[in-house]
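A.B. asks: Protein chains in written order, with UniProt numbering: chain W, 1 to 523; chain A, 1 to 523.
If you're looking for bench data, these hints aren't it; they were derived computationally from the structure.
Among the hints, a few may not be true.
Identical copies carry no separate label here, and so any pair may be met within one copy or between two of them.
To be verified - Calculated pairs, DSS-like style, for lysine-lysine (alpha carbon to alpha carbon, straight line, at most 30 Å): (1) 185 with 412; (2) 332 with 510; (3) 510 with 284; (4) 429 with 185; (5) 412 with 284; (6) 116 with 429; (7) 116 with 286; (8) 114 with 284; (9) 286 with 429; (10) 103 with 412; (11) 114 with 412; (12) 116 with 103; (13) 429 with 510; (14) 332 with 185; (15) 103 with 332; (16) 286 with 332; (17) 429 with 103; (18) 103 with 284; (19) 103 with 286; (20) 114 with 103; (21) 332 with 284; (22) 185 with 284.
Protein chains: 2
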Amino acid sequence: MGISAVSARPARYGWPRLCRLLGSCATRRPHGPAPAAVRPGRALHTARPRRQEVPLTCERYGLRRLPFSRLSRADVAFFEGLMPGRARTDPEELRAFNVDWLKAARGCSELLLKPKTAAEVSRVLRYCHERNLAVSPQGGNTGLVGGSVPVFDEIILSTALMSEIISFDPVSGILVCQAGCVLEKLNEYLGERGFVMPLDLGAKGSCHIGGNVATNAGGLRLLRYGSLRGTVLGLEVVLADGTVLDCLASLRKDNTGYDLKQLFIGSEGTLGVITAVSILCPQKPKAVNLAFLGCQDFSRVQETFTTCRAMLGEILSAYEFMDEKCMELVVKHLGLSNPLRGSPFYVLIETSGSDSTHDEEKLNSFLEQATTSGLVTDGTVAALWSLRERITEALTHDGCVYKYDISLPVGKLYDLVTDMRARLGHSAKNVVGYGHVGDGNLHLNITAESYSHSLLDAIEPFVYEWTARYNGSISAEHGLGFKKKQFIQYSKPREAIFLMQRFKAMLDPKGILNPYKTLPSSP
Amino acid sequence: MGISAVSARPARYGWPRLCRLLGSCATRRPHGPAPAAVRPGRALHTARPRRQEVPLTCERYGLRRLPFSRLSRADVAFFEGLMPGRARTDPEELRAFNVDWLKAARGCSELLLKPKTAAEVSRVLRYCHERNLAVSPQGGNTGLVGGSVPVFDEIILSTALMSEIISFDPVSGILVCQAGCVLEKLNEYLGERGFVMPLDLGAKGSCHIGGNVATNAGGLRLLRYGSLRGTVLGLEVVLADGTVLDCLASLRKDNTGYDLKQLFIGSEGTLGVITAVSILCPQKPKAVNLAFLGCQDFSRVQETFTTCRAMLGEILSAYEFMDEKCMELVVKHLGLSNPLRGSPFYVLIETSGSDSTHDEEKLNSFLEQATTSGLVTDGTVAALWSLRERITEALTHDGCVYKYDISLPVGKLYDLVTDMRARLGHSAKNVVGYGHVGDGNLHLNITAESYSHSLLDAIEPFVYEWTARYNGSISAEHGLGFKKKQFIQYSKPREAIFLMQRFKAMLDPKGILNPYKTLPSSP
Numbered sequence: 001m002g003i004s005a006v007s008a009r010p011a012r013y014g015w016p017r018l019c020r021l022l023g024s025c026a027t028r029r030p031h032g033p034a035p036a037a038v039r040p041g042r043a044l045h046t047a048r049p050r051r052q053e054v055p056l057t058c059e060r061y062g063l064r065r066l067p068f069s070r071l072s073r074a075d076v077a078f079f080e081g082l083m084p085g086r087a088r089t090d091p092e093e094l095r096a097f098n099v100d101w102l103k104a105a106r107g108c109s110e111l112l113l114k115p116k117t118a119a120e121v122s123r124v125l126r127y128c129h130e131r132n133l134a135v136s137p138q139g140g141n142t143g144l145v146g147g148s149v150p151v152f153d154e155i156i157l158s159t160a161l162m163s164e165i166i167s168f169d170p171v172s173g174i175l176v177c178q179a180g181c182v183l184e185k186l187n188e189y190l191g192e193r194g195f196v197m198p199l200d201l202g203a204k205g206s207c208h209i210g211g212n213v214a215t216n217a218g219g220l221r222l223l224r225y226g227s228l229r230g231t232v233l234g235l236e237v238v239l240a241d242g243t244v245l246d247c248l249a250s251l252r253k254d255n256t257g258y259d260l261k262q263l264f265i266g267s268e269g270t271l272g273v274i275t276a277v278s279i280l281c282p283q284k285p286k287a288v289n290l291a292f293l294g295c296q297d298f299s300r301v302q303e304t305f306t307t308c309r310a311m312l313g314e315i316l317s318a319y320e321f322m323d324e325k326c327m328e329l330v331v332k333h334l335g336l337s338n339p340l341r342g343s344p345f346y347v348l349i350e351t352s353g354s355d356s357t358h359d360e361e362k363l364n365s366f367l368e369q370a371t372t373s374g375l376v377t378d379g380t381v382a383a384l385w386s387l388r389e390r391i392t393e394a395l396t397h398d399g400c401v402y403k404y405d406i407s408l409p410v411g412k413l414y415d416l417v418t419d420m421r422a423r424l425g426h427s428a429k430n431v432v433g434y435g436h437v438g439d440g441n442l443h444l445n446i447t448a449e450s451y452s453h454s455l456l457d458a459i460e461p462f463v464y465e466w467t468a469r470y471n472g473s474i475s476a477e478h479g480l481g482f483k484k485k486q487f488i489q490y491s492k493p494r495e496a497i498f499l500m501q502r503f504k505a506m507l508d509p510k511g512i513l514n515p516y517k518t519l520p521s522s523p
Numbered sequence: 001m002g003i004s005a006v007s008a009r010p011a012r013y014g015w016p017r018l019c020r021l022l023g024s025c026a027t028r029r030p031h032g033p034a035p036a037a038v039r040p041g042r043a044l045h046t047a048r049p050r051r052q053e054v055p056l057t058c059e060r061y062g063l064r065r066l067p068f069s070r071l072s073r074a075d076v077a078f079f080e081g082l083m084p085g086r087a088r089t090d091p092e093e094l095r096a097f098n099v100d101w102l103k104a105a106r107g108c109s110e111l112l113l114k115p116k117t118a119a120e121v122s123r124v125l126r127y128c129h130e131r132n133l134a135v136s137p138q139g140g141n142t143g144l145v146g147g148s149v150p151v152f153d154e155i156i157l158s159t160a161l162m163s164e165i166i167s168f169d170p171v172s173g174i175l176v177c178q179a180g181c182v183l184e185k186l187n188e189y190l191g192e193r194g195f196v197m198p199l200d201l202g203a204k205g206s207c208h209i210g211g212n213v214a215t216n217a218g219g220l221r222l223l224r225y226g227s228l229r230g231t232v233l234g235l236e237v238v239l240a241d242g243t244v245l246d247c248l249a250s251l252r253k254d255n256t257g258y259d260l261k262q263l264f265i266g267s268e269g270t271l272g273v274i275t276a277v278s279i280l281c282p283q284k285p286k287a288v289n290l291a292f293l294g295c296q297d298f299s300r301v302q303e304t305f306t307t308c309r310a311m312l313g314e315i316l317s318a319y320e321f322m323d324e325k326c327m328e329l330v331v332k333h334l335g336l337s338n339p340l341r342g343s344p345f346y347v348l349i350e351t352s353g354s355d356s357t358h359d360e361e362k363l364n365s366f367l368e369q370a371t372t373s374g375l376v377t378d379g380t381v382a383a384l385w386s387l388r389e390r391i392t393e394a395l396t397h398d399g400c401v402y403k404y405d406i407s408l409p410v411g412k413l414y415d416l417v418t419d420m421r422a423r424l425g426h427s428a429k430n431v432v433g434y435g436h437v438g439d440g441n442l443h444l445n446i447t448a449e450s451y452s453h454s455l456l457d458a459i460e461p462f463v464y465e466w467t468a469r470y471n472g473s474i475s476a477e478h479g480l481g482f483k484k485k486q487f488i489q490y491s492k493p494r495e496a497i498f499l500m501q502r503f504k505a506m507l508d509p510k511g512i513l514n515p516y517k518t519l520p521s522s523p
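Okay, chain W solo, but in the shape it has when bound (with noise of 0.2 Å):
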């Protein structure tokens, strides 16, 4: 059986509840690429001002802490002694990596290691397997879900210094690197060599490739290169015995045996600690062109979405809507201007290609075909990544936030909105939705002007309700981690649950391995 992570639950509210509370209200981080100014950066670790302190996610949530050991001085001396200097216990220091990103959950770990290489990351989990004491394996801490923190006081395990590229072949594409590269120096250095990262994503410049591969990130190129379970060609995985799982092939073909990095990619750290990555980078675009246009209705969305498709072919890179509401937003809080004329819809078409002169030739054509048939009734074809990407941030100037993130066939993408919106009426302020259609990944945003618990039980469970009878996932892309690991059922048969609990089981036995993630708490 898998782990039992949470198995007390706290007095005034059932656990779903408070996972919800967790989920809810928290989430104020752009997608997509964020301006600069606002973009994630590792001086928000190190120079955070003080302000409120962030609950204890094991106080807030009245959990009990599972039975591993505590640590002892003996133990921060082995670890001081394996790697001088890099056995961290300042409480100072340890304050940023104990909080997650949006301030949403918090850990007391007393313990941050910083390993240089897989040999090393292999005897650290040795030895806590040994004495049972527990790990919180931590990339670039980006995620939203609260897994990247721990719940208690596991030892932070860092892959801040494990930041080598360790090869590129320019010939075949294929990047091999340790777990601890930020994504966007990777995509600087391929940049520099005529290649892109498959991936981005708008915590770019602190997110860590370990931690991309770990949450099997999605982000702004899925469209196109698609994820990273076809990009990654091999891994290099420490166990949580200790044990080095050296699958770094750097290989398109290999079908020699079960493809055991795939168990690892997208499983948040609890079944072993990524240490390196092979994964296999496109060519950098030569031309980039956008259109931002205007539907009437979200079946023209749907409509321009397939003939754009069809007349934009390879060269189609996002193809990402947003309804009125999200439009309005932006233009009342972040002051941007509408290009357009008011339309119910909006889409932004993005081409990358290899020929500037071709590409702009098949999107004008395309901009005549929709145009001429209605699909689309204004356009211009311009510069405007920031209306879509700064939703997120006018969102949060809108009031407190609840924020879904759900995959859906296209064709149910935007029901849900219209449904979600009917059912809560004048009790939310605003219902907004707007994603990538490509991916059939809606970002479905509710605001209202303060919490409202009841406004909550208006939401849940019904939107994950709505989106398991349309056999939608309840996570596109942001993983289960601490906070929605109690709703994968909605996604996840009980059989598939149950043989990830095995999975885990022989795994991780003692379970040390981010404990109370990713799998629900038994019942």
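Dock chain A against chain W, hints included.
C.D. replies: Relative to chain W, chain A alone:
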């Protein structure tokens, strides 16, 4: 511990040698889309002339049967009750299902089951699990490594009658279908709707999509659309004990827990029986162009690849090479004519895009650049796939063929051919190399007038050791099946093999699913 499949070694030859015997001289199947006349089809199964009987695998290898139950009359009665008319015991009918496509492996199963639903597969496996009856799952039976036929008397579980298309969404391009759908039929179905399957194989006329996924088939479209790891979105799998695992999501993004389906992709039927597949299908390209070029050395083949990828970018869909020996054999044995002056290397480039004018412009610019810079000495734009496709056929006319399907870092791709040629000298008739430069996939072929032990000993294990030295894969796309399972250690570390064995033991504790396959016998 995993299965201990073959514990008895044959008297005369060691196991590795016998594996090699089976692995060589039998592969006479064209790679890539074969000409219609030699394309594998179902007719091969039903109307094959009675030639020399293929030796029983168990006798040929002196194998010891694992202690599974023997099929009883009561068992047959049970299955006949479960699926009237679809539990077949006629030896004549079973003959084709007992022999593999290469006529190199033969089992002696006495029962063929043809379920129509996952529920039937579940009832079959639950019964077999309880009764300790071994099962050999079978798709189109087109595999090249002996993985799709019984080794002893395993019950053959065919997906032949599970051929329904469940749904297709033309907005997202997501197809959901039963495992027994024939690849070519799916492609035709999609073609009528403006889409294509993301994979293409020479065996497309017979192979089942379930078998493709179970073996993680690569094929001709991998360079463009990536592997099944990225395009397969969901699976329905029946586990050894009959549990139905419904992970048939049709979503591009879903980060709720571990991605269990990945473990079954490429597991060759040893961990579960795939009963349905959800797969992301790309649009059908509107324009396809070809170019056939001559290069003076392999470094120019590589440099031409990087130039071509940079200039053709998103429309490049194939980059295949062949050496002059391949060309000589195609000319000599098949009477095809070489449209170019003699060159040491030839390259076939394919583009697939959405605008023929744009694509031709790009191709012409590239060709001008490649010729001007001396990368390419000669070239023609013509439909010349047959020269590349018929190499395998030409080789079979050259004598006994020793065939290897190897992945290597692109820079080392041809060195193996050069080294092998130097090593073998006059003991081989021809040593030729061709393959997919873009995928790092080399087809190394060695011909001789007749089979010889001493030649085989000169090739193996040298070829595997050489591949391992450069971190290559000894099976790029064919899998391990029965023939190559004992060589896995050349491509995977001990820790990984051990972990695979633990997964096998966990999911199939009695080892009833496709025994004697994929994982090595215990030492």
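A.B. asks: Next, verify each hint and record whether it holds.
C.D. replies: Evaluated hints:
1. 185 with 412: between (38 Å within a copy, 29 Å between copies)
2. 332 with 510: neither (52 Å within a copy, 65 Å between copies)
3. 510 with 284: For residue 510 and residue 284, the Cα distance exceeds 30 Å both inside one copy (45 Å) and across copies (50 Å).
4. 429 with 185: Answer is neither: 40 Å inside a copy and 51 Å across each miss the 30 Å cutoff.
5. 412 with 284: This pair counts as between: shortest inter-copy Cα distance 25 Å, intra-copy 34 Å.
6. 116 with 429: neither (49 Å within a copy, 52 Å between copies)
7. 116 with 286: The answer is neither: 36 Å in one copy and 50 Å across copies each exceed 30 Å.
8. 114 with 284: neither (33 Å within a copy, 49 Å between copies)
9. 286 with 429: neither (43 Å within a copy, 47 Å between copies)
10. 103 with 412: neither (33 Å within a copy, 50 Å between copies)
11. 114 with 412: The answer is neither: 45 Å in one copy and 36 Å across copies each exceed 30 Å.
12. 116 with 103: Answer is within: at 28 Å inside a copy they meet the 30 Å cutoff, but 53 Å across does not.
13. 429 with 510: Neither, since 47 Å and 59 Å both go past 30 Å.
14. 332 with 185: Classified as neither: same-chain Cα gap 35 Å, cross-chain 54 Å, threshold 30 Å.
15. 103 with 332: For residue 103 and residue 332, the Cα distance is within 30 Å only inside one copy (26 Å; across copies 73 Å).
16. 286 with 332: Close neither inside one copy (35 Å) nor across copies (44 Å); limit 30 Å.
17. 429 with 103: within (24 Å within a copy, 70 Å between copies)
18. 103 with 284: neither (35 Å within a copy, 47 Å between copies)
19. 103 with 286: Neither. Shortest intra-copy (39 Å) and inter-copy (50 Å) distances fail the 30 Å Cα cut-off.
20. 114 with 103: For residue 114 and residue 103, only the intra-copy Cα distance (22 Å) is at most 30 Å; the inter-copy one is 57 Å.
21. 332 with 284: Neither. Shortest intra-copy (36 Å) and inter-copy (43 Å) distances fail the 30 Å Cα cut-off.
22. 185 with 284: within (15 Å within a copy, 36 Å between copies)
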